[in-house]
Amino acid sequence: MREATHEATYEATHKAMHEAAHEPLPAGDLTDAGTRVPAHARTQQDLLSRTALGVFRLNGQFLAISEELAKPAGLTAAWWQVLGAVLREPLPVAGIARNMGITRQSVQRIADLLAAKGLAEYAPNPAHRRAKLLRPTEEGRGAVDRIGPGHAALAARLTAELGDAAFAETVRALERLATALDALESAAPSAGIPAPAPE
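Count the sequence shown with the working numbering and you get residues 63 to 261, in order.
These aren't lab readings, by the way, just hints derived from the structure by calculation.
Just so it is clear, the structure is predicted and the values come from calculations on it, not from any experiment.
Virtual Cβ for every residue (Gly too), placed ideally from N, Cα, C.
One or more of the hints may lead you astray.
Said to hold, decoys possible - So the derived label-pair ranges between C-beta atoms look like this:
#1 P211 <-> S248: 20 to 30 Å
#2 G163 <-> A103: 25 to 35 Å
#3 A245 <-> H190: 21 to 31 Å
#4 R98 <-> R219: 43 to 53 Å
#5 G212 <-> A103: 11 to 21 Å
#6 R160 <-> L125: 31 to 41 Å
Could you put the whole structure together from the sequences, leaning on the hints where they help?
As C-alpha cells, this is what we get:
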C-alpha cells in the first residue's frame, strides 16, 4: 500500500534513525553546528531513535503477518485495513486516512478497488454531499469474518508469549505514544514541528 515516495522516505528516515541510535554522540561533545549536546538531551534523542526503529520494525512485522492472515480470505493487508476501519460505521475516505495515519490518495485507491470488487460500497454522506461514506458490503464483511480464526489464534499466541498484563500495558503505551504525537502535531505552529499536509 505504501507508495514509492513513502518507501524512499521510510528508508531515509530508517537509515538516519539507525545511525543516530548506534553512533551516539558523547555527552557534552560538539555537534557539526558547533553546539554542545547535554547528556539528558542526548538520552532523549536516543530514546526517540530507538522508539522510531522499534515502530518501523513492528510495522514491517505486522504488515507481513497481516498479509498472511488476509490471504486465505482473498484480501491483502491494505484491503483488510480499510475494510476494518469501516466495520463499525461508514466513514469518508479522509476520515479513514486520518484514523490510519496514511494519505487520502492511498485510501481512495484501495476504496475504489474494494468497491469495484463488490467488497465495499459508497453511500451518501448527510454531513458532506461530496465526501461519500465507504461501508463494507455483506461480501466484504464475510471476507473479514474469514480472517477471524487466524486472528484469534495469533492473539492467543502473542498473549501467551507476553502475558496478559504486559500485553495490555504494551497497547496502552503505544496508544499514549500516538496521543502524544497527535498533541505535538496540533502544537506544530508554535513548537516548530512540521504540520501534517492539508487534505
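Cross-check of the supplied hints:
no.	hint	result
1	P211 <-> S248: 20 to 30 Å	40 Å, violated
2	G163 <-> A103: 25 to 35 Å	27 Å, holds
3	A245 <-> H190: 21 to 31 Å	27 Å, holds
4	R98 <-> R219: 43 to 53 Å	48 Å, holds
5	G212 <-> A103: 11 to 21 Å	45 Å, violated
6	R160 <-> L125: 31 to 41 Å	20 Å, violated
Hints 1, 5, 6 from the list above are not met by this structure, while the remaining hints are.
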